[in-house]
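Construct all of the structure, not just a fragment, from the sequences and the given hints.
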Amino acid sequence: GGFDPFADEAAAGPAPEKKSKASKAESLAVHVRMQQRNGRKSLTTVQGLPEAFDYKKILKALKKEYCCNGTVIEDEE
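Count the sequence shown with my numbering and you get residues 3 to 79, in order.
Warning: the hint list may mix true and false statements.
[What the hints assert, rightly or not] Under the rule of at most 30 Å between Cα atoms (straight-line distance), these lysine-lysine pairs were calculated in the DSSO-like manner:
1. LYS58 / LYS43
2. LYS43 / LYS59
3. LYS43 / LYS65
4. LYS62 / LYS43
5. LYS66 / LYS43
Simulated from the structure, these hints should not be mistaken for laboratory data.
What you are looking at is a predicted structure, and each value in this text was computed from that prediction instead of being measured.
Right, dumping it as structure tokens:
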């Protein structure tokens with residue numbers, strides 16, 4: 003295919019070489035992406051959540067609140 007929703011945004015554009023407060027704040031950004039599937043179905047991905055959060059608890063609360071399914075996929079980074 004075409005669009006890769008899991009591609010890192012840093013790879014898409016030119017990255018500054020020097021480390022600054024702005025780049026540190028950028029690394030703390032949480033990305034929420036919604037990808038349309040077929041019909042009313044969609045796939046929502048959340049990337050960049052700090053490890054201080056308990057992903058399983060967040061997922062359980064979201065599944066209960068929105069009556070949907072979900073999974074946690076750990077990236078190798």
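The hints, checked one at a time:
1. LYS58 / LYS43: Holds, at about 23 Å.
2. LYS43 / LYS59: holds (24 Å)
3. LYS43 / LYS65: Holds: LYS43 and LYS65 sit about 15 Å apart, inside 30 Å.
4. LYS62 / LYS43: Status holds; Cα separation ~20 Å.
5. LYS66 / LYS43: holds (18 Å)
Checked against the numbered hints given earlier, this structure breaks none of them.
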